[in-house]
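Colleague: Read in order, the letters of the sequence shown correspond to residues 1 to 116 in full-length UniProt numbering.
For the record, the hints were derived by calculation from the structure and aren't laboratory data. Quick caveat, the model's predicted, so the values are computed rather than measured. The C-beta atom is built at its ideal place from N, Cα and C for all residues, glycine as well. Any given hint could turn out to be false.
Unchecked claim - Here are the simulated BS3-like pairs of lysine-lysine, each with C-alpha atoms no more than 25 Å apart in a straight line:
1. Lys116 x Lys92
2. Lys21 x Lys116
3. Lys21 x Lys8
4. Lys87 x Lys116
5. Lys8 x Lys92
6. Lys8 x Lys116
To be verified - Now the in silico label distances, taken between C-beta atoms and shown as ranges:
7. Met1 x Gly29: 21 to 29 Å
8. Glu43 x Lys92: 17 to 25 Å
9. Gly83 x Leu27: 15 to 23 Å
10. Asp36 x Asp106: 17 to 25 Å
11. Phe30 x Ala74: 20 to 28 Å
12. Ala22 x Asp73: 19 to 27 Å
13. Ala26 x Ser3: 18 to 26 Å
14. Val23 x Ser61: 29 to 37 Å
15. Ala77 x Ala19: 20 to 28 Å
16. Ser3 x Leu27: 16 to 24 Å
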Amino acid sequence: MTSAQGIKTVLHPVSDIEAAKAVYAALLGFQPQIDDPYYVGFECDNEQIGLVPGGKTEDLSSPTVYWQVDDIDAKLAEVTAAGATVKSAPRKVGGTRVVATFTDPDGNVLGLLQDK
């Protein structure tokens, strides 16, 4: 069994990236470290708080927690063997990062991420 390294990223789907960026900057007390039209990221206590414009079109219907893992394929196999259902297969985002999502038996969406 592979272990998870903890929650490292929480992605929030947003419809207006500039409006959301202002609210999250006010909440956190600082400006984002990553500020691109397709992603805004705030580093907060070794966690990434990410804003994804049009996130609902990328299968994000609500904020999604991503657990950092060493081997995304092995961990996805383990959780599906335990009863989870794959929502989105592993895919590259942001260069070397790979992400996937799955649902638990109650339909809650959880994410996995691996930096390769």
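Colleague: When you take the CB atoms of alanine 77 and alanine 19, is the distance between them in 20 to 28 Å?
Modeller: 40 Å, violated
Colleague: For the hint 20 to 28 Å, verify it against the beta carbon of phenylalanine 30 and that of alanine 74.
Modeller: 36 Å, violated
Colleague: If you draw a straight line from the CA of lysine 87 to the CA of lysine 116, is it 25 Å or shorter?
Modeller: 21 Å, holds
Colleague: Does lysine 92 sit within 25 Å of lysine 116, going by the straight-line distance between their CA atoms?
Modeller: 10 Å, holds
Colleague: Is 17 to 25 Å respected by the C-beta to C-beta distance linking glutamate 43 and lysine 92?
Modeller: This hint holds: roughly 21 Å between Cβ atoms.
Colleague: Does the Cβ distance between serine 3 and leucine 27 fall inside 16 to 24 Å?
Modeller: 31 Å, violated
Colleague: Does the hinted range 17 to 25 Å hold for aspartate 36 and aspartate 106 at CB?
Modeller: Violated, at about 34 Å.
Colleague: Looking only at beta-carbon atoms, does the pair valine 23, serine 61 fall within the given range of 29 to 37 Å?
Modeller: Since the Cβ atoms of valine 23 and serine 61 sit about 19 Å apart, the hinted range of 29 to 37 Å is violated.
Colleague: Check the following: the C-beta atoms of alanine 26 and serine 3 are separated by a distance inside 18 to 26 Å.
Modeller: 36 Å, violated
Colleague: Holds or violated: lysine 21 and lysine 8, Cα atoms, limit 25 Å.
Modeller: 19 Å, holds
Colleague: Sort out whether lysine 92 lies within 25 Å of lysine 8, counting only the CA atoms.
Modeller: 17 Å, holds
Colleague: Range hint 21 to 29 Å: satisfied by the CB atoms of methionine 1 and glycine 29?
Modeller: 39 Å, violated
Checked against the numbered hints above, the structure violates hints 2, 7, 9, 10, 11, 12, 13, 14, 15, 16; every other hint is satisfied.
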